[in-house]
Amino acid sequence: MFIIRRILIANRGEIAVRVIRTCQRLGIEAVLATSGADADSVPARLADRTIMIGPADAYLSVETVVGAAVAAGADAIHPGYGFLAENPRLARACEAAGIIFVGPGAEVLEAAGDKLAARAHAVAAGLPVLPGGPVLPAGPAGPADPAGPADPAGPADAGALAQRIGYPVLVKAAGGGGGRGLRVVRDPAALAEAVAVASAEAQAAFGDPRVYLERYVSPARHVEVQLLGDGQDVIHLGDRDCSVQRRHQKLVEEAPAPLLGETLRVSMRVAAVALGLQLKYQGLGTVEFLVDTRRAAFWFLEINARIQVEHPVTEAVTGLDLVEEQIAIAEGRGLRLSQASVGFAGHAIECRINAEDPAAGFRPSPGTVTSAVFPAGPGIRVDTHIQAGSAVPPQYDSLLAKLVVSGADRPQALARLRGALARCQVAGVTTTLPLLSAMAGDARFAAGGVEVGWLARWRERETPSVRDENG
Amino acid sequence: MDLTNEDVADVLALLDSLPYDELDLQTARFRLILRRTADGWTQSAQSLSAPAGLSAPAGLDAAAPGPPAAAPGPPAAAPGPPAAAPGSPAGGAGADAGAGLVAVRAPLPGTFYRAPRPGAAPFVEVGSQVGADTVVGIVETMKLMNSVTAGVDGTVAEICLGNAEFAAHGATLLRIRAD
Numbered sequence: 001m002f003i004i005r006r007i008l009i010a011n012r013g014e015i016a017v018r019v020i021r022t023c024q025r026l027g028i029e030a031v032l033a034t035s036g037a038d039a040d041s042v043p044a045r046l047a048d049r050t051i052m053i054g055p056a057d058a059y060l061s062v063e064t065v066v067g068a069a070v071a072a073g074a075d076a077i078h079p080g081y082g083f084l085a086e087n088p089r090l091a092r093a094c095e096a097a098g099i100i101f102v103g104p105g106a107e108v109l110e111a112a113g114d115k116l117a118a119r120a121h122a123v124a125a126g127l128p129v130l131p132g133g134p135v136l137p138a139g140p141a142g143p144a145d146p147a148g149p150a151d152p153a154g155p156a157d158a159g160a161l162a163q164r165i166g167y168p169v170l171v172k173a174a175g176g177g178g179g180r181g182l183r184v185v186r187d188p189a190a191l192a193e194a195v196a197v198a199s200a201e202a203q204a205a206f207g208d209p210r211v212y213l214e215r216y217v218s219p220a221r222h223v224e225v226q227l228l229g230d231g232q233d234v235i236h237l238g239d240r241d242c243s244v245q246r247r248h249q250k251l252v253e254e255a256p257a258p259l260l261g262e263t264l265r266v267s268m269r270v271a272a273v274a275l276g277l278q279l280k281y282q283g284l285g286t287v288e289f290l291v292d293t294r295r296a297a298f299w300f301l302e303i304n305a306r307i308q309v310e311h312p313v314t315e316a317v318t319g320l321d322l323v324e325e326q327i328a329i330a331e332g333r334g335l336r337l338s339q340a341s342v343g344f345a346g347h348a349i350e351c352r353i354n355a356e357d358p359a360a361g362f363r364p365s366p367g368t369v370t371s372a373v374f375p376a377g378p379g380i381r382v383d384t385h386i387q388a389g390s391a392v393p394p395q396y397d398s399l400l401a402k403l404v405v406s407g408a409d410r411p412q413a414l415a416r417l418r419g420a421l422a423r424c425q426v427a428g429v430t431t432t433l434p435l436l437s438a439m440a441g442d443a444r445f446a447a448g449g450v451e452v453g454w455l456a457r458w459r460e461r462e463t464p465s466v467r468d469e470n471g
Numbered sequence: 001m002d003l004t005n006e007d008v009a010d011v012l013a014l015l016d017s018l019p020y021d022e023l024d025l026q027t028a029r030f031r032l033i034l035r036r037t038a039d040g041w042t043q044s045a046q047s048l049s050a051p052a053g054l055s056a057p058a059g060l061d062a063a064a065p066g067p068p069a070a071a072p073g074p075p076a077a078a079p080g081p082p083a084a085a086p087g088s089p090a091g092g093a094g095a096d097a098g099a100g101l102v103a104v105r106a107p108l109p110g111t112f113y114r115a116p117r118p119g120a121a122p123f124v125e126v127g128s129q130v131g132a133d134t135v136v137g138i139v140e141t142m143k144l145m146n147s148v149t150a151g152v153d154g155t156v157a158e159i160c161l162g163n164a165e166f167a168a169h170g171a172t173l174l175r176i177r178a179d
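Just so you know, the sequences run in chain order C and P.
For the first sequence, position 209 (counting from the first letter as 1) is numbered 209 according to my numbering, and the numbering increases by one without interruption.
For the second sequence, position 77 (counting from the first letter as 1) is numbered 77 according to my numbering, and the numbering increases by one without interruption.
To be clear, the hints were calculated from the coordinates, so they are not data collected in a lab.
Everything numeric in this text was worked out from a predicted model, so none of it was measured.
Don't take each hint at face value.
As a list, the in silico SDA-like pairs of lysine to any residue whose alpha-carbon atoms are at most 20 angstroms apart [unchecked claim]:
{"id": "1", "chain 1": "P", "residue 1": "143", "chain 2": "C", "residue 2": "248"}
{"id": "2", "chain 1": "P", "residue 1": "143", "chain 2": "C", "residue 2": "391"}
{"id": "3", "chain 1": "P", "residue 1": "143", "chain 2": "C", "residue 2": "207"}
{"id": "4", "chain 1": "P", "residue 1": "143", "chain 2": "C", "residue 2": "183"}
{"id": "5", "chain 1": "P", "residue 1": "143", "chain 2": "C", "residue 2": "55"}
{"id": "6", "chain 1": "P", "residue 1": "143", "chain 2": "C", "residue 2": "366"}
{"id": "7", "chain 1": "P", "residue 1": "143", "chain 2": "C", "residue 2": "245"}
{"id": "8", "chain 1": "P", "residue 1": "143", "chain 2": "C", "residue 2": "36"}
{"id": "9", "chain 1": "P", "residue 1": "143", "chain 2": "C", "residue 2": "233"}
{"id": "10", "chain 1": "P", "residue 1": "143", "chain 2": "C", "residue 2": "238"}
{"id": "11", "chain 1": "P", "residue 1": "143", "chain 2": "C", "residue 2": "397"}
{"id": "12", "chain 1": "P", "residue 1": "143", "chain 2": "C", "residue 2": "430"}
{"id": "13", "chain 1": "P", "residue 1": "143", "chain 2": "C", "residue 2": "37"}
{"id": "14", "chain 1": "P", "residue 1": "143", "chain 2": "C", "residue 2": "393"}
{"id": "15", "chain 1": "P", "residue 1": "143", "chain 2": "C", "residue 2": "363"}
{"id": "16", "chain 1": "P", "residue 1": "143", "chain 2": "C", "residue 2": "180"}
{"id": "17", "chain 1": "P", "residue 1": "143", "chain 2": "C", "residue 2": "247"}
{"id": "18", "chain 1": "P", "residue 1": "143", "chain 2": "C", "residue 2": "359"}
{"id": "19", "chain 1": "P", "residue 1": "143", "chain 2": "C", "residue 2": "249"}
{"id": "20", "chain 1": "P", "residue 1": "143", "chain 2": "C", "residue 2": "205"}
{"id": "21", "chain 1": "P", "residue 1": "143", "chain 2": "C", "residue 2": "361"}
{"id": "22", "chain 1": "P", "residue 1": "143", "chain 2": "C", "residue 2": "203"}
Hey, can you work out the whole structure from these sequences and the hints?
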């Protein structure tokens, strides 16, 4: 066991603010790595110290980040989410430099980052997966067999596999994840082309050309289970519903997942813990599932080996500080919680306030925030890195703030959400606020349990002139 | 360190019992404005502390960050011609006075890419024939790839920004001699 006294936070934006706050509450010195674009940001003002690491993309350099941690005399690096958070090279470089990486070990990061390896682990742990498997792009010199024991036959002929799965099929990139590198194929004639293009794009985007097919299930919901492990024991911290998405990216999340049914909910939690045990999971992670509530069926999608954007809804219903738990695990204290000691109370909903124009296909809207007013009061939490005068640089993602509301039950949380959204005012950049307000007032959303394609269809109905890219 | 959500909640609990509708609290470190509205309270917080920079150790600030491994964007493709000065900002695509050239401008601020992916050939070179719908580059803004089209039929006369260079909003990316 080791006591962490100084953490280098290798991230920016709201998650940097979030991690700084827990560090300061725990009496841990928070040193923030900042790019030139973020030198004057809110997290830079809140951190105990800042260390300049270079141009806008410096957050992506393992050598620069580890060098900054060594220079700052930090005991540990917290990677936040995105950037290097799930990069096994950072975990290894930390180990080599004698610095604690706040996250799972390199082997788990590798297994989670390779979607085919993760799928094989899920099969080994007894989780249901969608029919599918790795395929070869047409033509010579396909990729080597990546799948391991779960796919003894190796990459298959795409046409034959798709025929067996049944159309429509989804073409996915082994190195992708988080909604990137997805492609739906409805027509067998379009399959070969889709596989070839997906493979070329995957090579360009992730440096890995391997693709696989899975059955495309629609309508379906996206439900995930939060895990916490210490390398031996693994517990779950409940579930979240993240079905409200635009462009395969989450916009609204809630905990617990509404209208799931207790049998299904318990089965998913048990399955997620089984996968965590199979991986000897250490730290905070999330197992994502696709759910068909009408048939009470669910399938493993992927595992995310980091803290997630939507973690505050879990904190709201469990009363836990997940960053504090991450740090405790990183210090080698072992799990401080037993499954029985984790209680769940109430309902929480998170809305992502992004610098995007929903009326223009969610086009990004960088610029300078001229004013930022947020709601305050019981059951309301706002995680943000913006204030009047904050720059919203074009080099980074568009998340400005997360509005998290909670109540004794979903109706109370929803009522608070509507009042809270009405009190949000962000000027200077275009935001998703008007869309979120309209959506919070919609009867179908209020009923709960919408599926993944709902937001796109709802928007086309509400604003027929707007065509979403949500395909 | 400034106010936490819990601090704000404590202040609100106190304010709720008082007849005031607004609190404007400023210290050396922060300013907090709380206002009572028909729907409930609003907060407007401002951190006023200056960042406390560590002096950068020798070598660190000079350490060039490595290539963004597996970054979503198309990084360095075929090197462009020597970067010319960034184009004049503001204004949509339009004729450059007198030159007979049409400027293709960045629709959003972001990183300009000349090729669809690393290692691929650039979309266009000087002398390329283009149609109005020909894609001549990509501007990456907030992780979203925005294709830039020529907007006019003609020939590429000049490429004004190098690959992976930052383009301001409305910056001239290239100039086209219209047919």
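Hints, verified against the model:
| no. | hint | result |
| --- | --- | --- |
| 1 | P/143 / C/248 | holds (14 angstroms) |
| 2 | P/143 / C/391 | holds (17 angstroms) |
| 3 | P/143 / C/207 | holds (17 angstroms) |
| 4 | P/143 / C/183 | holds (19 angstroms) |
| 5 | P/143 / C/55 | holds (16 angstroms) |
| 6 | P/143 / C/366 | holds (12 angstroms) |
| 7 | P/143 / C/245 | holds (17 angstroms) |
| 8 | P/143 / C/36 | holds (18 angstroms) |
| 9 | P/143 / C/233 | violated (37 angstroms) |
| 10 | P/143 / C/238 | violated (31 angstroms) |
| 11 | P/143 / C/397 | holds (6 angstroms) |
| 12 | P/143 / C/430 | holds (17 angstroms) |
| 13 | P/143 / C/37 | holds (16 angstroms) |
| 14 | P/143 / C/393 | holds (11 angstroms) |
| 15 | P/143 / C/363 | holds (11 angstroms) |
| 16 | P/143 / C/180 | holds (11 angstroms) |
| 17 | P/143 / C/247 | holds (12 angstroms) |
| 18 | P/143 / C/359 | holds (19 angstroms) |
| 19 | P/143 / C/249 | holds (12 angstroms) |
| 20 | P/143 / C/205 | holds (12 angstroms) |
| 21 | P/143 / C/361 | holds (14 angstroms) |
| 22 | P/143 / C/203 | holds (18 angstroms) |
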